[in-house]
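Protein chains in written order, with our numbering: chain A, 1 to 191; chain B, 1 to 176.
Quick caveat, the hints were computed from the structure, so don't treat them as lab data. Treat each hint with caution, since some may be false.
Where chain A lies over chain B, by a calculated footprint (3+ residues, C-beta under 8 angstroms) [claimed, not checked]: (1) 45-53; (2) 61-68.
Far from chain A, some chain B residues (derived; all Cβ distances over 10 angstroms) [to be verified]: (3) Ile42; (4) Thr58; (5) Lys72.
With a straight-line Cα cutoff of 30 angstroms, these simulated DSS-like cross-link-like pairs (lysine-lysine) come out [claimed, not checked]: (6) B/Lys26 to A/Lys172; (7) A/Lys91 to B/Lys72; (8) A/Lys7 to A/Lys93; (9) B/Lys52 to A/Lys93.
No residue lacks a Cβ here, since even glycine has one placed at the ideal position from N, Cα and C.
The chain contents come next:
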Amino acid sequence: MDAVTPKTDEQLIAEFQAGDEQGFVELVNRYKDRLVNFVYRFLNDMTDAEDLVQETFLKVYQKKHAYREIAKFSTWIYTIAGNLARSELRKRKRRKTYTMSSLSYDDNEFTPVDHGKDTEGIVFNSYAGEEIMKAINQLPEPFKTITILRDIQELSYEDISTILDIPMGTVKSRVNRARLKLQETLSYLRE
Amino acid sequence: MQNNECIYICEQFTEYHENSLLPELKAKVDAHLTVCSPCQAIYQELAQVIQKLHSLPTINTNPEFNDQLLSKLRDLQAESTWSRIYKSSYMRVASYAVAAGFIVAVGLNVWIDPISPINQGRVSSFAGTQKPNAINEETLASQTDSVVGNSSDSLELSPGTISSGSSTLQLVNDTQ
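Here chain B stands alone, though its shape is the one from the complex:
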């Protein structure tokens, strides 16, 4: 661009090309272009650029475009149904109530029944010092003997002998 007038003229090119300039201004541009070859060259190139822009090939969407859109719409509708349900204050209050109820139920279960599966390995103060179902080995042994009816069937140890019921085994000390 040569000078301020050239800059001013170039600013009018779009409207000049679209023939929307006021007649006086159009005459001014015409007059300038006849005497200024650089501006004339710019204008000619500009006109070619506009022509190229208008002749760019048109792009078409692929044939599945509508089906894809429909599928997205269905997903959106399904999603919005669930989110509507979740967002409704009634459902939110209900879900909080269910959660609170569950926590209370679990708490009560631990409090009342300490042997419950969720409380295995813990002994509550309410359980006393002995597990009610624990098997006492001594009791079991005496119960077994009484059922068999042979209280003398148990092994007895005395120095040098081992006796069991009717038989006695004497131990011999070789060192003596």
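Isolated chain A, as found in the complex:
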């Protein structure tokens, strides 16, 4: 009897490209939580994060034939979600009528975490969780993205290099600098 091995992402997208929508459903179930975790760290709003992830899946649905098996499906979908998140942040920045720069010791804007819109179970009970999210939000954009991809999503350097379209050496050095900056910020927050 054959052991049932789960299909790879690439097999599922190939099935979907061939017209089997079950492949798409399976990919949604595999990636929805991972992507919401990824996008939420940028937007700090659960409703917006879910909307954006749904938009990501709609793009996958519409542009399924744009995927070629030269890259991993995961890097493709993270790239789409990351681009949408960045574009949403740009829109927000334009809309923003005030900054809370006085709360930031750096020149970076501090985005308050909106716990009011959090769904149950998302609110970080531990002070450490809140503290670290605050520190991540204070990181400049490239460092924030790289921290989320590497330390929260735990993607490989190779995948991050593909998603962000930067050399692997740059990824490694940015990860290191981001961690040092986080450590610095956390020391500051503790004082």
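Go by the hints and put chain B onto chain A.
Chain B only, in chain A's frame:
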């Protein structure tokens, strides 16, 4: 950070922590950390930061996520069907033809039948100087008299009297 060597060592911390440094470089970092307490403190804090990052709670999507996505997909499909129809060159040409036909029809209507509802209040040169259906008051009065058969029933005015048919009323001037 103390000096250039400290900066260099700190740059290796991520790979050092992930145990992916070349053995010679790893030995160099080990050696530095044993003698440099500020770098040692930074490294310890960094290790804690990494641990905290990895232990952040996982967020789950709400249970309606798939239903909401399905509904958006249906909207998208309905929208794309209409936009496909609209975008097809055949439909575009057809809609332009219908629009042009409508404009020509309206134009012809105004040209041929100036009394049409859309042309009320305007008199075309083709209508002549008199409206064909306009009622001539004089004609109507004479027609009415002839139908009644009493041409003398009309009021006649002469100085000092008003006569109507068989009766005459004389006006008396009190001032005289």
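Evaluation of the provided hints:
no., hint, result
1, 45-53, "holds (count 6)"
2, 61-68, "holds (count 5)"
3, Ile42, "violated, 7 angstroms"
4, Thr58, "violated, 6 angstroms"
5, Lys72, "violated, 6 angstroms"
6, B/Lys26 to A/Lys172, "holds, 16 angstroms"
7, A/Lys91 to B/Lys72, "holds, 22 angstroms"
8, A/Lys7 to A/Lys93, "violated, 41 angstroms"
9, B/Lys52 to A/Lys93, "holds, 29 angstroms"
When each numbered hint is compared with the structure, violations occur for hints 3, 4, 5 and 8.
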